[in-house]
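K.L.:
Numbering (my numbering), first residue to last: 1230 to 1345.
Do not rely on the hints blindly, as some may be mistaken.
Calculated lysine to aspartate or glutamate pairs in the DMTMM-like style (CA-CA distance at most 25 Å, straight line) [stated by the list, open to error]:
1) Lys1309 with Glu1296
2) Lys1291 with Glu1306
3) Lys1309 with Glu1271
4) Lys1291 with Asp1317
5) Lys1284 with Glu1341
6) Lys1309 with Glu1267
7) Lys1309 with Asp1260
8) Lys1326 with Asp1248
9) Lys1309 with Asp1247
10) Lys1291 with Glu1330
11) Lys1284 with Glu1273
12) Lys1325 with Asp1260
13) Lys1309 with Asp1248
14) Lys1291 with Glu1271
15) Lys1325 with Glu1271
16) Lys1291 with Glu1267
17) Lys1284 with Glu1306
18) Lys1284 with Glu1296
I should point out that these hints are in silico values taken from the structure, not numbers from a laboratory.
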Amino acid sequence: ERLYQQLYGTGVQSSRFDDIRTHVASDNPNDWKLAIIEADIELERVLEAAGYPGKSIGEKLKSANRESFTTLEDAWEAHKVRNRIAHDGADFVLTKKVAQETIQRYQRVFTEFGLT
1230 ERLYQQLYGT GVQSSRFDDI RTHVASDNPN DWKLAIIEAD IELERVLEAA GYPGKSIGEK
1290 LKSANRESFT TLEDAWEAHK VRNRIAHDGA DFVLTKKVAQ ETIQRYQRVF TEFGLT
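Sequences are here, hints too, so could you generate the full structure?
P.N.:
Encoded structure:
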């Protein structure tokens, strides 16, 4: 699978997912935040590729429905954590448990869209 991904252009995504997993496995809270931010960037790419309309991730998620996007709630909850990181900055205390749960939510979305 890895060779196929490298040959057909998805190797970049694979390395990004590897980076996300590495960051969330770290003991450094800043790495956890980076993992979530990177995963959110991938979420935006997934939504764009799937054709969801909107200028932001929030708009794209609002345009989706649960019948065709079964992990929509996971996407919303993960994106909310990313927003807390982005908007609350150092005031947002991210625990390793919340970071891991958030990455698992992103992972379920990516799996639904056939990326992992």
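K.L.:
Each hint needs a verdict: does it hold in this structure or not?
P.N.:
Status of each hint after checking the structure:
1. For the given pair, lysine 1309 sits about 21 Å from glutamate 1296 by alpha-carbon distance, which is consistent with the 25 Å threshold.
2. The straight-line distance between the Cα atoms of lysine 1291 and glutamate 1306 is roughly 13 Å, inside the 25 Å bound, and the hint therefore holds.
3. At roughly 15 Å between alpha-carbon atoms, lysine 1309 and glutamate 1271 fall within 25 Å of each other, so this suggested pair holds.
4. A distance of roughly 23 Å separates the Cα atoms of lysine 1291 and aspartate 1317; the hinted pair therefore holds under the 25 Å criterion.
5. Pair hint lysine 1284 plus glutamate 1341 holds up; C-alpha atoms about 22 Å apart against a cutoff of 25 Å.
6. Between the alpha carbons of lysine 1309 and glutamate 1267 the distance comes to roughly 14 Å, so the proposed pair stays at or under 25 Å and holds.
7. Between lysine 1309 and aspartate 1260 the alpha-carbon distance is near 18 Å, which keeps this suggested pair within the 25 Å criterion.
8. Among the hinted pairs, lysine 1326 with aspartate 1248 is consistent with the structure: their alpha-carbon atoms are about 18 Å apart, no more than 25 Å.
9. The suggested pairing of lysine 1309 with aspartate 1247 holds, with an alpha-carbon distance near 22 Å, which does not exceed 25 Å.
10. The straight-line distance between the Cα atoms of lysine 1291 and glutamate 1330 is roughly 22 Å, inside the 25 Å bound, and the hint therefore holds.
11. Only pairs whose Cα atoms come within 25 Å are accepted, and lysine 1284 paired with glutamate 1273 is accepted, the gap being roughly 10 Å.
12. Of the supplied pair hints, the one linking lysine 1325 and aspartate 1260 holds, its CA atoms being roughly 10 Å apart against a limit of 25 Å.
13. Proposed proximity of lysine 1309 and aspartate 1248 is supported: the alpha carbons are some 21 Å apart, at most 25 Å.
14. For the suggested pair lysine 1291 and glutamate 1271, the alpha carbons sit about 17 Å apart, so the restraint of at most 25 Å is met.
15. In summary, the hint linking lysine 1325 to glutamate 1271 is supported, as the alpha carbons are separated by about 21 Å, within the 25 Å threshold.
16. Using a Cα cut-off of 25 Å, the hinted pair lysine 1291 and glutamate 1267 holds, with the two alpha carbons roughly 21 Å apart.
17. In summary, the hint linking lysine 1284 to glutamate 1306 is supported, as the alpha carbons are separated by about 19 Å, within the 25 Å threshold.
18. A hinted pair counts as satisfied when its Cα atoms are at most 25 Å apart, and lysine 1284 with glutamate 1296 qualifies at roughly 22 Å.
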